[in-house]
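Novice: Here the protein sequences come in this chain order: Z and A.
In short: position in the first sequence from 1, add 1208, done, that's this note's numbering.
In short: position in the second sequence from 1, add 8, done, that's this note's numbering.
FYI, nobody ran anything at the bench for these hints, they're computed from the structure.
Treat each hint with caution, since some may be false.
[As the list claims (entries may be wrong)] With a cut-off of at most 27 Å between alpha-carbon atoms, the simulated DSSO-like pairs for lysine-lysine come out as follows:
id, chain 1, residue 1, chain 2, residue 2
1, A, 14, Z, 1263
2, A, 105, A, 73
3, A, 73, A, 97
4, A, 14, Z, 1259
5, Z, 1316, A, 15
6, A, 152, A, 203
7, Z, 1259, A, 15
8, Z, 1316, Z, 1259
9, A, 76, A, 105
10, Z, 1263, A, 15
11, A, 152, A, 105
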Amino acid sequence: MIPILGLVAGIVLGVLLPYDIPYQYHSYVAVAILAALDSVFGGAAASLQGKFNLKIFISGFFGNALIAAALAYIGDQLGIEIYLAAIFAFGNRIFLNFAVIRRHWLKKLTKDDKVV
Amino acid sequence: MSAAYKKIVLFVMFVLLGLIVSIQVKVIINEREKVSAKNLDSNQLVEQIEELQAQNEILEVEIQKALKEREELTLSVISDQASYELETKYNQLNTVKLQAGLTGVTGPGVIIRLDDAAALRQITNASILIIHDSDIMALLNDLKAAGAQAISINGERIVAMSEQLCAGPTIRINRNRYTVPFEIIALGDPDLLNKALQSSERLAYMTRDRIVVNIRTSRSIYVPGLNTANIKLGTLMSNLEVLDSDIR
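Using the sequences and the hints, build the whole thing.
Specialist: Okay, here's the thing in structure tokens:
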């Protein structure tokens, strides 16, 4: 509940605030968002399994976002699209974590052990 | 770490995520709009306008050439036939042309340059900084009252049917559009015209509003004849019933 409330509050705040990130940084921001989303899905999966750790979540959330953005920046400077690696890695993990979440809920709803 | 503390941290982090996502989406949407506006490509439109203007100029020269040729042909026909009647008619035609403002004329007069006031002042009503069609009309009337014989604005001869119509940021004269600065040339007694301008109520208001007004007199100025290319005089004349054909 808290995450959804926070997300909604953030989106509203972002729409209302007159602040913009310069367009030339849009690819770094996008990659950072992807990394943060990865942490969110990871956190959700972990909390369903009862393994959620706030410290790991925070460090992953900010650390992954920063590293992804930094990699994208370095890639731009080197003329190679390293951000694709970040997209692939985080995208892959998002789907994996989503699979964990999916199985957890299906198991809970159908009470069918064969799903796992 | 207490549970409440954890909740606050979690909340703040998701606020951050939502914030950055919505700002990113906003930036991307803005950029897309900019790109689609760029696709209109104002450069291409400017090029088209310039091309058409160049074409117009070429055609204008051709028209002038053709008119001159017609004039020469008329003269040669008259001299060939050596007819007194034809010569009288030709002279009459020239008089009418002069009176109607169809011919270019040279003479003494005044040149009035008008430009919009510089928008330096903080002003609530910017309209008074701009030259309006009514300003031009009032000035023309003042000049006519002072006995102006021939008037042109930006090289556009003013005749009985000339309009001075406000068309957005431009003024339409003889179906052509003109922007500031306006140069009004009025032929007549320079002293009389000058005095009329000095005592013109409208001009006084315009100078008060700091519209740029620059008047000078000249011994000899050229005022072009009416360019009839844009005006369908022929159709107008053919639909009018002539009641009194005598030219006074």
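Novice: Are the hints correct? Go through all of them and say.
Specialist: Verification of the supplied hints:
For the hint linking residue 14 of chain A to residue 1263 of chain Z, the alpha-carbon distance of about 10 Å falls within 27 Å, and the restraint holds. About 18 Å separates the Cα atoms of residue 105 of chain A and residue 73 of chain A, which keeps this hinted pair within 27 Å; it holds. For the proposed pair residue 73 of chain A and residue 97 of chain A, the alpha carbon gap of about 23 Å is at most 27 Å, so the pair holds. As the CA atoms of residue 14 of chain A and residue 1259 of chain Z are separated by approximately 15 Å, the hinted pair is consistent with the 27 Å bound.
Restraint check: the Cα-Cα separation between residue 1316 of chain Z and residue 15 of chain A comes to about 25 Å, which is no more than 27 Å; the hinted pair holds. Taking the CA atoms of residue 152 of chain A and residue 203 of chain A, the gap is about 13 Å. The hint holds against a cut of 27 Å. For the suggested pair residue 1259 of chain Z and residue 15 of chain A, the alpha carbons sit about 16 Å apart, so the restraint of at most 27 Å is met. For the suggested pair residue 1316 of chain Z and residue 1259 of chain Z, the alpha carbons sit about 17 Å apart, so the restraint of at most 27 Å is met.
Our distance criterion of 27 Å between C-alpha atoms is met by residue 76 of chain A and residue 105 of chain A, whose separation comes to about 15 Å. This hinted pair checks out: residue 1263 of chain Z and residue 15 of chain A have alpha carbons roughly 13 Å apart, not beyond 27 Å. Taking the CA atoms of residue 152 of chain A and residue 105 of chain A, the gap is near 19 Å; set against the 27 Å cutoff, the hint holds.
Of the numbered hints given earlier, the model fails none.
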